[in-house]
Amino acid sequence: MNPALVVYLKECRESLRDRRVLVNTLLLGPLLGPLMFLMLVKLVVGRELVKSEQPLPAVVIGAERAPELIDALRQMGLKPLPPVANPELAVREQRIDLCLRVAADYGAHWRSGRPAQVEVIYDSSRREAQGDADRLRAMLESYSHRNGALRLLARGLSPGIATPLAVAVRDTATAQARGALLFAMLPYMLVLTIFIGGLWLAIDSTAGERERASLEPLFINPVPRDRLLLGKLMGTATFSLLSLVLGLLAFLLAARFMPTAELGLSLALDLRFFAIALPMLLPLVLLICVTQVLIAAGARSVREAQTYLGLAQLVPLIPSVMLSVVPIKAQLWMYAVPLLGQQLALMRLLRAEPVAGLTLALSALATLLAVAVLFLLARRSYESERLALSG
Amino acid sequence: MIEARGLSKSFGDRRAVDGVSFVARDGEITGLLGPNGAGKTTTLRMLYTLLKPDAGTIEVDGRDAQREPLAVRRALGALPDARGLYTRLTARENIEYFARLHGLDAAQARARADALIAALGMQELAARRTAGFSQGERVKTAIARALVHDPRNVLLDEPTNGLDVAATRSLREFLRGLKAAGRCVLLSTHLMQEVAALCDRIVVIAHGRVVADGTADELRRLAGEPQLEDAFMRLIERGDAGAAP
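If you read the sequences in order, they're chains X and V.
So the first sequence is residues 68 to 458, counted in my numbering.
So the second sequence is residues 17 to 261, counted in my numbering.
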């Protein structure tokens, strides 16, 4: 039997008996992403939904001066709260969120056809209050517009005179695209799943062996070092892959519980996604694993390896954050950047947009090239005398 | 048979081994004797090709260690100073893993493991995971896995370190068995009793240099001391004097 295969089988057998590997690969890796994601989506989507449908509570001062206005607002969803003294201070101290104050001369102005004043008091530095204030202002404007039109009609004029511009806003974002914006983090969750799946095995089979003084005896066997490295790499990749497959399945399952339809979003987390994403991510699995093994071989101890790999885990976050914050138009060359290419393709898949075979091939090729370079570096590290000497 | 000629190895500025030459013959137990830090472990590491010598040559059964490291590793079995086991594997699995790495098939690996388990008296340990093994149990397992391919040359770095009297005794018996089977056994130690009880030839090392080489009687004569321990101390002191600038 090829010695690399001997090493591989031994690493697998040993790992299956290691609770840390099992927890990482079978539980934490695959489930952490979907669960975090589901919670995030529920939180964001759920809040937006609730907001636009629920009554809008606001403190109203001087309601008796404008009974018709308050009635109209109530029909639009306002829930008037009893007045407080000094509303500005109350808002600043966060005792109340939103206040509507009807000016003392409201009635007089209204009756004489001059603009009657109402004030909306809120704190724009509080994100939630901003949304509520916007809703209240929209209600007020709609009331104002309606009454303006009525007044013009009463004077025999067309309300169109006072509306020289008719603005219609048409958002071209498809439902899928809006969904994907929200889901820009999903690719990172998948990358994290790959990372966590092989993490402990990579550390244990290199830095761990060294720390436990079993690397030197292993190296005395008549086996070239690159075979040993290959066996350990394959073991790490197997557990990463296992974690990824479970993670993808978990996402497929979680997609059923995501309230995307309620927002008019659709997210292509279906079997097609699974069938394309899995083979597409295979080179990335190898890349992440060879990086982990390389880093673990360079560390002086298990602890140090854990620290370095913990930091390395954040690197894939860069393209994710970049893609979700700065809108980038995907260029062909970007697919040749390992990690970025896969992220772009994943986002297209999620939007149910076609992914060109060329881009997939380019991304796979570039990633495999990086794997080859890192493998050579790892081999050099394996062949160095420093790694062989434990302690 | 192992022949070392003019071996040198430095780590940074520190010269760990400085021109060491000796021969370890088949059917003999050769002892590499020296105080801590004398360069014994570094010498052994060069012999089992873990480290590359800066200068000098090594031949094992006539094969050059630098030109044919894999062939040399096949020709020898080594118990290094680092004797970590895989704690989630049983003793037998540890032994058979190394057998498979030596290219033995499953049946051969099993048979060799059985033979070594019997020879080292570790039948009760074989099916147990090695986590929680005592020092003696660990050394036995490490020796079994080092000798799983039945090598003609056996290198052991401080084999009795940390062993109790009974375990030391049974290990010595085992090594005498290897010698009787015509194997070349080379062990390093800093213990006088060890070489006195076991070794046919003694190579005394101090400060990375060979200061004496011969049988116990020859060393006593050379140092002019009737007691081996005194002879050892005298030889090392002479080495110190020689090393001084």
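Read the hints as simulated data drawn from the structure, not as lab findings.
All C-beta atoms in this analysis are idealised placements derived from N, C-alpha and C, irrespective of residue type, glycine included.
It is possible that some hints are incorrect.
[What the hints assert, rightly or not] Derived DMTMM-like pairs (lysine to aspartate or glutamate); straight-line CA-CA distance at most 25 Å: (1) V/Lys195 / V/Asp97; (2) V/Lys68 / X/Asp293; (3) X/Lys146 / X/Asp172; (4) X/Lys146 / X/Asp85; (5) V/Lys68 / X/Asp172; (6) V/Lys195 / V/Asp34; (7) V/Lys68 / V/Glu109; (8) V/Lys68 / V/Glu189; (9) V/Lys68 / X/Glu195.
[As the list claims (entries may be wrong)] Derived coverage of chain V by chain X (criterion: at least 3 residues anywhere in the stretch with Cβ under 8 Å from a Cβ of chain X; other residues may be distant): (10) 33–39; (11) 173–184.
[As the list claims (entries may be wrong)] What follows is a set of in silico ranges between Cβ atoms, one per label pair, in the way DEER data are often shown: (12) V/Asp42 / X/Leu381: 55 to 63 Å; (13) X/Arg279 / V/Arg237: 44 to 52 Å; (14) X/Gln373 / V/Ala196: 46 to 54 Å; (15) X/Leu72 / V/Asp42: 29 to 37 Å; (16) X/Asn69 / V/Ala134: 44 to 52 Å.
Against the structure, the hints come out as follows:
1. V/Lys195 / V/Asp97: holds, 21 Å
2. V/Lys68 / X/Asp293: holds, 18 Å
3. X/Lys146 / X/Asp172: Given pair lysine 146 of chain X, aspartate 172 of chain X holds - Cα atoms ~23 Å apart, limit 25 Å.
4. X/Lys146 / X/Asp85: At roughly 59 Å apart (the allowed maximum being 25 Å), aspartate 85 of chain X and lysine 146 of chain X break the hint.
5. V/Lys68 / X/Asp172: Status violated; Cα separation ~98 Å.
6. V/Lys195 / V/Asp34: violated, 29 Å
7. V/Lys68 / V/Glu109: violated, 31 Å
8. V/Lys68 / V/Glu189: Violated, because 33 Å separates the two Cα atoms, which is more than 25 Å.
9. V/Lys68 / X/Glu195: Status violated; Cα separation ~69 Å.
10. 33–39: With 0 residues closer than 8 Å to chain X, the region 33–39 of chain V misses the three-residue bar; violated.
11. 173–184: violated (count 0)
12. V/Asp42 / X/Leu381: 55 to 63 Å: Given about 58 Å between the Cβ atoms, the range holds.
13. X/Arg279 / V/Arg237: 44 to 52 Å: Holds, since arginine 279 of chain X and arginine 237 of chain V (Cβ atoms, about 45 Å apart) stay within the stated range.
14. X/Gln373 / V/Ala196: 46 to 54 Å: For alanine 196 of chain V against glutamine 373 of chain X, whose Cβ atoms are near 49 Å apart, the range 46 to 54 Å holds.
15. X/Leu72 / V/Asp42: 29 to 37 Å: Given about 35 Å between the Cβ atoms, the range holds.
16. X/Asn69 / V/Ala134: 44 to 52 Å: violated, 30 Å
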